[in-house]
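Asker: Sequence:
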Amino acid sequence: MGAASRVTLVAVRVWQIICAVVVLAILARFVHSVADAGVASDGRIIYGIVVASLTILFSIIFVAPFMYSFRAFPADLALFVMWLVLFSLLATRTGTHTCSSRWFTNYWGYYWGGWWWRRPFIGSPVRFVRSGCGSWRTVLAFSFMAIVAFLISGILTSQIGGPMYNGGAPGNYPSGPAPAVAPGANTTAQPGTYV
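At position 115 of the sequence shown (counting the first as 1) the number is 115 in full-length UniProt numbering, and the numbers step up by one without a gap.
No lab work stands behind these hints: they were computed from the structure. Certain hints may be false.
Ranges between beta-carbon positions, derived for each pair [unchecked claim]:
1) 65 x 43: 20 to 28 Å
2) 71 x 11: 15 to 23 Å
3) 159 x 37: 44 to 52 Å
4) 88 x 57: 21 to 29 Å
5) 32 x 57: 18 to 26 Å
6) 2 x 97: 41 to 49 Å
7) 7 x 44: 29 to 37 Å
8) 102 x 8: 25 to 33 Å
Using N, Cα and C, we set each Cβ at its ideal position, and we do this for glycine too.
Kindly produce the complete structure, drawing on both the sequences and the hints.
Answerer: Right, dumping it as structure tokens:
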């Protein structure tokens with residue numbers, strides 16, 4: 001594995017941390033607002049917090065370009081799928097209407113803006129509907145960017161490592177140079193005979 005791949009993988013891991021921190025911060029702030037209102041949080045939001053937390057933990061562990069970090073393909077694949085599911089769950093919550101959907105107006109915007117404790121509602125309806133719109137779009141955008149980051153790191157880690165890799169040259173096995181004869185092979189058999 002070349003230096004470019006190592007640098008790219010470290011940069012992608014840092015980007016994964018950034019995406020997860022942004023999503024976690026916004027969703028945690030929203031859950032705090034909902035908890036202040038004494039209402040149960042949406043399960044999709046809780047799932048988002050769990051995925052972002054796992055991503056931060058995983059990416060911090062594997063950000064250093066050591067050999068073990070290049071064998072993280074199964075975890076990269078699992079987190080790629082988890083982020084894909086999260087993005088799908090959040091995007092289908094509002095559909096194509098994003099900030100003007102019924103769920104957004106009655107749940108996210110209502111609690112994000114703190115309208116549950118400012119009764120009776122006095123002010124512009126547009127301000128009520130648009131409360132938290134930027135934060136919701138930010139969650140969707142950074143969730144999608146996390147999907148792409150895990151796809152890239154999954155591709156990089158799937159192409160690196162394996163039993164042949166130990167420091168660069170394909171002939172270097174973990175136990176030394178490649179054996180001249182395959183282990184367990186019958187060396188006494190003559191060509192053309194069956195053993």
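Asker: If a hint holds in the structure, say so; if it doesn't, say that too.
Answerer: Evaluated hints:
1. 65 x 43: 20 to 28 Å: At roughly 37 Å between Cβ atoms, residue 43 and residue 65 fall outside 20 to 28 Å, so the hint is violated.
2. 71 x 11: 15 to 23 Å: Check passed, 19 Å falls within 15 to 23 Å.
3. 159 x 37: 44 to 52 Å: holds, 48 Å
4. 88 x 57: 21 to 29 Å: holds, 23 Å
5. 32 x 57: 18 to 26 Å: With a Cβ separation near 21 Å, residue 32 and residue 57 satisfy 18 to 26 Å, so the hint holds.
6. 2 x 97: 41 to 49 Å: holds, 46 Å
7. 7 x 44: 29 to 37 Å: The hint (29 to 37 Å, Cβ to Cβ) holds, given that residue 7 and residue 44 are roughly 35 Å apart.
8. 102 x 8: 25 to 33 Å: violated, 42 Å
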